[in-house]
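Chemist: Using the sequences plus the hints, can you model the full thing?
Residue numbers (my numbering), protein chains in the order written: chain H, 52 to 313; chain Y, 11 to 230.
Please note that the accuracy of each hint is not assured.
Said to hold, decoys possible - Each computed DSSO-like pair below joins lysine-lysine, with the alpha-carbon atoms no more than 30 Å apart:
{"no.": "1", "chain 1": "H", "residue 1": "Lys97", "chain 2": "H", "residue 2": "Lys258"}
{"no.": "2", "chain 1": "H", "residue 1": "Lys167", "chain 2": "H", "residue 2": "Lys243"}
{"no.": "3", "chain 1": "H", "residue 1": "Lys235", "chain 2": "H", "residue 2": "Lys97"}
{"no.": "4", "chain 1": "Y", "residue 1": "Lys146", "chain 2": "H", "residue 2": "Lys169"}
{"no.": "5", "chain 1": "H", "residue 1": "Lys258", "chain 2": "H", "residue 2": "Lys169"}
{"no.": "6", "chain 1": "H", "residue 1": "Lys125", "chain 2": "Y", "residue 2": "Lys115"}
{"no.": "7", "chain 1": "H", "residue 1": "Lys167", "chain 2": "H", "residue 2": "Lys223"}
{"no.": "8", "chain 1": "H", "residue 1": "Lys97", "chain 2": "Y", "residue 2": "Lys146"}
{"no.": "9", "chain 1": "H", "residue 1": "Lys243", "chain 2": "H", "residue 2": "Lys255"}
As the list claims (entries may be wrong) - Chain Y side only, calculated, beta carbon under 8 Å to chain H, not exhaustive:
{"no.": "10", "residue": "Pro12"}
{"no.": "11", "residue": "Gly19"}
{"no.": "12", "residue": "Ile86"}
{"no.": "13", "residue": "His94"}
{"no.": "14", "residue": "Asp228"}
Source of the hints: derived by calculation from the structure; they are not laboratory data.
Note that the structure is predicted; figures quoted are calculated from it, not measured.
Built from N, CA and C at the ideal position, the CB exists for glycine as well.
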Amino acid sequence: MSDNNATSETQPASVAGSKTHFGFTQVDTEQKESLVADVFHSVAAKYDIMNDVMSMGIHRIWKRYTIDCSGARKGQQILDLAGGTGDLTAKFSRIVGPTGSVTLSDINPSMLEVGKDKLRDMGLVDNIKYVEANAEALPFPDNHFDIVTMAFGLRNVTHKENALASIYRVLKPGGRLLVLEFSKPTSSALEKIYDTYSFHLLPKMGKLIADDEDSYRYLAESIRMHPDQDTLEQMMQTAGFEGTSYTNLTGGIVALHRGFKY
Amino acid sequence: MPITQLLSGAAELSANELMRWDNDYQTYLAPLAGRSLGITLLPMHLTVHLYFSDSRIDISIPETLPQNEIEVAADICDCHLTIHISALSEMRNANQLTRLIKEDKLDIEGDLAVAQNVSALANNLDIDLTEMLTHKLGDVPAHTLMGGANSIKNYVAYLKQHVEVTVGEALIEEKRLVASPLALAHFSDEVTDTRYWCDRLTARIQRLEQAQQAQQQDVK
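Modeler: The following block contains the structure:
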């Protein structure tokens, strides 16, 4: 990746000795990044199959909805941030065509490697770049991308406000951010069923399929610690995004937030 | 769960699976690789985008975004068709295109070659459903299933033809029996006259009754 001349990066606002959450556990701020990295190193190989099993395939519909809301077109520059195994990148790559470009970025080299292998197996090589990058300090120039997407990645970022500021910086004026993330169910009945599923069934499924109960317990805990729909929208506005809105999907289990840079 | 995305996903999966059953599908896709076609169906105003690559089709149903976002569908794709749903079946016949455009049932923007290549893809694909099912189910179930499907198809076609003939005949027969506008006007005049004479008769009866009552009172 040649575009690494970031010019006005917001530095992470970590303070030595400060605490943050890692699931329900309080950890040192500096420690969270490596703990999250360990989780994704551990699940990378079975990530796709676990996504299908855990969501009963619905994650594909959520991601499709995100793409349909992106307004992507031929020749555009798209950043798929925390793109993991490249589900969104594959689709975007075919939409933007040879004159456009999609950058698949993830902080975790294991996830990026799985994504790279998968996309190459699909024959997608010409217009995809792979960049290992921290969302809080993106190594891209200002005003570079037409669209930035972040699917199921923001909740793992230690300083979300820094990540949003960094995304805002790399977006072109007129560009849009789409954040697909777990959120708060809108119905209390659904919330109870969802809690039972995620705290009791999910770790056991992780144990059975990926032989990794702890990572999937972290997944459930991290979802509960993530800001709800309105809070995240407010955070986006604070970062400078305008025309923000969100759409609840599957009763608010997941929400798609949108914001524009004008 | 967004139902539109579920449907577009199912359509995309089916289209790509079906297409692969013709060994030459990549030959037909080659001229479309990297191109895109937008279709807006009227009167629903449902827009579908098709993105072609050398080995598959991606189907997207763009969401209408809120607030200050105006999607200009025609700008997104290489070619955009706005077509009335009733004209869809006529699209295969290239000779009909001018007529459809004149009748405002079809509007084409962008590169017409994309639409022509998509039409060629749809016409040239040779998909043998029986062979496809044979691989999945085995010879006998596949032939039984296809035989049943053909019987149903033939029956539906017969039923359709029968209904068309019956309705056609009924309309012709009814037309013969239907009164002409002149006869209707004459009948209407006669009804008016009858009502007039009835009113007169009622008034006369009332007057006679009143006269009779007056005579009876005089006798008393």
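Chemist: Give a verdict on every hint.
Modeler: Hint by hint, here is what the structure shows:
no.: 1; hint: H:Lys97 with H:Lys258; in the structure: 12 Å, holds
no.: 2; hint: H:Lys167 with H:Lys243; in the structure: 38 Å, violated
no.: 3; hint: H:Lys235 with H:Lys97; in the structure: 26 Å, holds
no.: 4; hint: Y:Lys146 with H:Lys169; in the structure: 27 Å, holds
no.: 5; hint: H:Lys258 with H:Lys169; in the structure: 24 Å, holds
no.: 6; hint: H:Lys125 with Y:Lys115; in the structure: 28 Å, holds
no.: 7; hint: H:Lys167 with H:Lys223; in the structure: 26 Å, holds
no.: 8; hint: H:Lys97 with Y:Lys146; in the structure: 28 Å, holds
no.: 9; hint: H:Lys243 with H:Lys255; in the structure: 18 Å, holds
no.: 10; hint: Pro12; in the structure: 5 Å, holds
no.: 11; hint: Gly19; in the structure: 6 Å, holds
no.: 12; hint: Ile86; in the structure: 4 Å, holds
no.: 13; hint: His94; in the structure: 24 Å, violated
no.: 14; hint: Asp228; in the structure: 90 Å, violated
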